[in-house]
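> Each chain, letter by letter, is given below.
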Amino acid sequence: MLKPTPTLDPDLPRRYADFTTLLEALNYAAKGIRGLNFYSPRGELESKNTYSQIRDRSYEIGQRLVHFGIKRHSRVALIAETNEDFVCYFLGCQYAGLLPVPLPLPTSFGGRDGYTEQLHQQMKSCEASAALSAAYMLPLLDEATSGLNMRFVGSPDTFEAQASKSEIKNVKLPEVKPDDLAYLQYSSGSTRFPHGVAVTHKSLMSNCHGIGVNGMDVNDGDRVVSWLPFYHDMGLVGMLISPITCQASTDYIATEAFARRPIQWLKLISKNKGTICSGPTFGYEICARRANSTDLEGLDLSSWRVAGIGADMIRPNVLEIFAETFKDSGFDKRAFMPSYGLAECTLAVSFAPKFVGYEVDLVSEEVLNGNVKSIKEYKKNGNGANYREVVNCGKPLPEYQLEIRDENDVVLGEREIGRIFVKGASVMVGYYMDEEATRQCLSADGWLDTGDIGYMAKGSLYIIGRIKDLIIINGKNHWPHDIEWAVEKLPELRSGDSAAISTPGKNDEEIPTILVQCRKRNEEERIELENRIKSEVQAVIGTTPTVVLVPPRSLPRTSSGKLSRVKARRQYIEGQLS
Amino acid sequence: MTLSTSEIFDQVCELMAPYNQKSLTLETGTTFAHDLELDSLSVMDMLAAIEDHFDVTVPLNILPDLETIGHVAEAIKNILDE
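For the record, the sequence lines run as chains A and B. Going letter by letter, the first sequence gives residues 1 to 578 in the working numbering. Going letter by letter, the second sequence gives residues 1 to 82 in the working numbering.
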């Protein structure tokens, strides 16, 4: 019977990403006996790969890519399945001096055109020269690459059939330097105007070092168990590259398998004694929702010491339900470790201290709505009707300088709310081939405007929301202008008639809400329009939004005439718009 | 015993009962997104129930083509026949 790579390796001293490039890190990990293991949707081990096997195959793929004649620094799109093919092509691109671009898989029913269009836009924006996916995905990939200038579109098998091993034997690989780009990350961009975050080896090593030392404090008994997709920064950097650069064995189940049977993730943690297993809040939510008594039988989560939380707004009540559900299975809620990060900083910015659970401030809605700028009371007793729990996301990694600034770029003090700016080695060099978008968030002296708002207290960071107006549903980012654009295509609407915002639901989840200026008076016509708006938005975000028709010219504008979503949101929540 | 598409459709409809919160009459043309207003997570819950019932795995690449209950019934039929 196949056995996964071991947790312990008595002979290889731990190093924490103190390498110059990802390839040097891989080479070091390959000296040991640990590696990556891929499990089936029903939890059987399907493929075991030591780091040395991964290094050898990636090296060969690197030679094949060079032999094929793809020019140095070209972009290679990879539909990011959770398997060793993706991992070895991602690393093979590193050997060949190419830039891999992980792209998403379909996540739900329907929406074929939207999915292929998204892939198309992403590959177009980085001028990809090749695209690879598993054979069964090729019809969709062919559609997505139509009209693009590609040297190769196909599966790993057909790519590797192009040359024999003896033909590539003597292919020389280029030298890779710390300042070279390692890959492009598309998870945070708009679908209509995508731009890839360009990450260098240096940034990657710096961030993985912080994650390994200051975040997770990886030690000998640690084992990672993950369901996060490789096309998302938390999955790619947190659950794949960090384990490689810190030499930890990792077990994966595919994201689509987790979405259907989330308990398999917990069973795998139980079986392999996983210790570092992270995800967004909604991942914990669906585990708790789907657990039944048969699932809990024999489940032992006592090994789990870092239950990292990130990627979306952290919702304490959901974590509480998870902890309660799995308490008798040995889950210790002190394992919860909130974090803050964004793709523009490679991945991580800050981590809460380990094994203390999460800490919250109770912050009044007055503050959250932007009416009050600094927090004086934050530990209210009694019921929290007008208060929301804001989670402590911990201290920034040592590499960062961090400032909270007001709208005039003045640096603010303790518990004063403003925009979060960071500077450090993990900050991206820019959006790939998009100087304008880069200039908008990254200053010449290296300060990144994260677009998020929050405050500092006793050296720890608290996140309140996003100034960037992003709407995040089940871990997926949606840009309001993508939604508004879709709505404003309807014949009776004009540009500027709609505002897409996110409003808090009963469990503090984000409810996508679209405010639309409507000139119709007839009730039937209004309902009919509402339904068509719902369909348009549903096609973009995969969820039915709340549609609110508002009177003409009622959406607030900035002094320059631009829609102010922040104001619109505040007015709507306070009941002034309807 | 091979099931016909309409038998599969009937069984899918039964499995969908917990997700039919608007108590719609389910037809082959009923859409998950617009008619049933299911979000992507509920869709995956439902898919898991359907897969377990028929003991099949619906591959990822056909998900984007599944807009209606009828599409799902046909997809299950194709997988069972293969």
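Hint data in this document are derived by calculation from the structure and do not stem from the laboratory. Wrong hints could be hidden among the right ones.
[Stated by the list, open to error] In silico DSS-like cross-links for lysine-lysine, where the CA-CA straight-line distance does not exceed 30 Å:
id: 1; chain 1: A; residue 1: Lys534; chain 2: A; residue 2: Lys520
id: 2; chain 1: B; residue 1: Lys77; chain 2: A; residue 2: Lys506
id: 3; chain 1: A; residue 1: Lys172; chain 2: A; residue 2: Lys354
id: 4; chain 1: A; residue 1: Lys534; chain 2: B; residue 2: Lys22
id: 5; chain 1: A; residue 1: Lys395; chain 2: A; residue 2: Lys476
id: 6; chain 1: B; residue 1: Lys22; chain 2: A; residue 2: Lys476
id: 7; chain 1: A; residue 1: Lys534; chain 2: A; residue 2: Lys476
id: 8; chain 1: B; residue 1: Lys77; chain 2: A; residue 2: Lys520
> Could you run down the list of hints and mark each one as holding or not?
Quick rundown of the hints versus the structure:
| no. | hint | verdict |
| --- | --- | --- |
| 1 | Lys534(A) x Lys520(A) | 17 Å, holds |
| 2 | Lys77(B) x Lys506(A) | 39 Å, violated |
| 3 | Lys172(A) x Lys354(A) | 45 Å, violated |
| 4 | Lys534(A) x Lys22(B) | 16 Å, holds |
| 5 | Lys395(A) x Lys476(A) | 25 Å, holds |
| 6 | Lys22(B) x Lys476(A) | 26 Å, holds |
| 7 | Lys534(A) x Lys476(A) | 19 Å, holds |
| 8 | Lys77(B) x Lys520(A) | 46 Å, violated |
When the structure is compared with the earlier hints, violations turn up for hints 2, 3, 8 and for no others.
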